[in-house]
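Going line by line, the protein sequences match chains D and S. Letter by letter, the first sequence follows residues 1 to 267 of UniProt numbering. Letter by letter, the second sequence follows residues 1 to 208 of UniProt numbering.
What the hints contain is simulated information worked out from the structure, not anything from laboratory work. Everything numeric in this text was worked out from a predicted model, so none of it was measured.
Derived Cβ-Cβ restraints for the label pairs, each shown as a range:
1) ILE150(D) x LYS86(S): 39 to 45 Å
2) THR151(S) x SER191(D): 26 to 32 Å
3) THR97(D) x GLU96(S): 46 to 52 Å
4) GLU169(D) x SER191(S): 38 to 44 Å
5) GLY58(D) x SER191(S): 48 to 54 Å
6) HIS190(S) x MET102(D): 34 to 40 Å
7) SER160(D) x GLU96(S): 54 to 60 Å
8) ASP189(D) x VAL206(S): 30 to 36 Å
Every residue gets a Cβ at the ideal spot worked out from N, C-alpha and C, and that includes glycine.
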Amino acid sequence: MKKVFSMLMTAILVFGALGSTVFADNHSSNEAMVRVLHASPDAPAVDVYVDGNAVVEGAEFKASTDYLKLPAGDHNVEIYAAGTKGEQDPVISKSLTVEAGMAYTVAAINMLENIELKVIQDSMSVTEGKTKVRVGHLSPNAPTVDVGMIDGDAVFSGASFPMVTDYKELDPMTYDLEIRTSDGTQVKDLSGTMLEKNTVYSVFAVGTAENLEVLMLKDYTLMPDSMPQTGMGGTAQDSSSLLPIALSVVLFGAGAMIFYRRRTQEQ
Amino acid sequence: MKQLLLACSLLFLAACQEQPLVSTQAQGSSEKVLSQKEPSAIKEETTPTSGEESFSIQQQGIVPKRIEIPAINVDAKITSERLTEKNEMEVPSNAEQVGWFEPGTKPGNSGNAILAGHVDDKNGPAVFFDLKDLSAGDQIYVTDEDGKKLTFEVNKVVAYPKDDAPLREIFGPSNNQNLNLLTCTGTFDHSIQDHEERLVVYTSLVNS
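The task is simple: from the sequences and hints, build the whole structure.
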């Protein structure tokens with residue numbers, strides 16, 4: 001009897017172990033999202049390598065990639081003038097540590113002779129019905145600025161190179177914004193800035209003070225936790241899972257066990 | 001009695017032997033690319049956006065009301081769908097209409113706009129039944145209520161296990177003006193009343 005019992009137990013254990021791998025959550029939970037931004041006004045077009053693999057080629061000033069997946073942990077980021085890997089040293093070589101489930105903007109900033117990598121963590125959430133925005137001052141020689149409504153209050157104050165402000169949640173609409181110095185002198189007209197609901201933005205001021213430009217990137221948009229269920233099986237060939245069968249076997253086996261043990265005890 | 005127990009254990013072993021098959025299937029059924037543009041074309045698609053028009057990006061978006069896909073004879077109405085309290089995307093309750101994920105991006109704006117439709121209902125094929133037959137280069141037309149029409153072109157067609165689709169890649173932000181079409185595919189599992197895979201048709205706006 002003991003032998004049969006232990007066989008049964010083994011079977012349950014084996015089944016359990018296999019079962020857990022089958023039904024495990026396979027989400028790519030150990031990955032981070034990283035995008036690269038070229039914000040060095042006088043640097044040439046560049047190739048970006050992560051751990052020796054090209055992720056962007058020929059990216060010019062103001063170019064940005066979409067988010068790329070990277071395993072969590074340490075990575076070596078190297079930036080070369082386009083087409084010079086193997087011939088010249090990288091313009092930048094830096095270690096980058098990313099955490100699972102986080103999103104980052106990795107920006108090459110400052111003038112070429114002082115070029116550096118700035119790593120910024122990006123938001124991945126927004127209150128439904130709201131919009132969220134922040135401002136990055138990536139113009140090496142531009143003064144400290146505010147960003148605010150034209151003829152109105154400042155939304156972000158005292159941003160200086162190479163600072164990135166915290167996010168602010170706002171009502172989604174079209175805003176007439178401007179970049180201005182603290183004495184109110186307009187540096188850049190941003191009227192007609194449309195901020196969509198459920199969207200997170202980074203607005204980066206790039207270039208030199210003489211030729212200031214603005215890049216607006218989307219960091220996040222509201223998304224569901226799962227893929228929608230878009231079928232009811234009307235055209236499916238029959239296939240039933242093994243789970244119900246296996247479960248009924250377990251229950252039946254357990255029942256039989258109890259029944260058998262009782263009988264043995266009664267004897 | 002012993003015989004009964006033995007029968008039990010045998011049944012068990014049989015179930016166990018089946019198990020690895022299931023697990024292999026689970027591993028084997030990861031991302032399947034059904035169609036994809038030539039690498040050179042892809043390269044063009046993913047080239048980083050040059051900053052030229054970056055500031056006035058996303059202003060072309062429309063509220064989609066109708067979708068036409070001539071390659072698979074689809075001409076359907078589009079409804080606006082929301083997020084449920086469980087943070088799931090609602091889909092039209094009928095088999096004929098296509099749902100636009102309204103909390104997300106409008107088609108034509110930079111980002112990934114989403115349209116989802118049923119592959120089948122309880123009785124037979126539904127609006128996106130033939131979606132799997134699309135291939136790179138096929139065109140999709142989306143129209144708003146004023147008749148403004150945007151044209152998108154298929155970049156690639158990929159099937160993912162239903163719980164392992166790259167949600168951020170599909171729904172998340174992008175510099176490109178993308179429209180992704182979703183439906184179910186793969187075997188229908190009666191025990192969970194769901195298909196085992198999800199089909200994603202990735203498309204991008206064609207500049208007219």
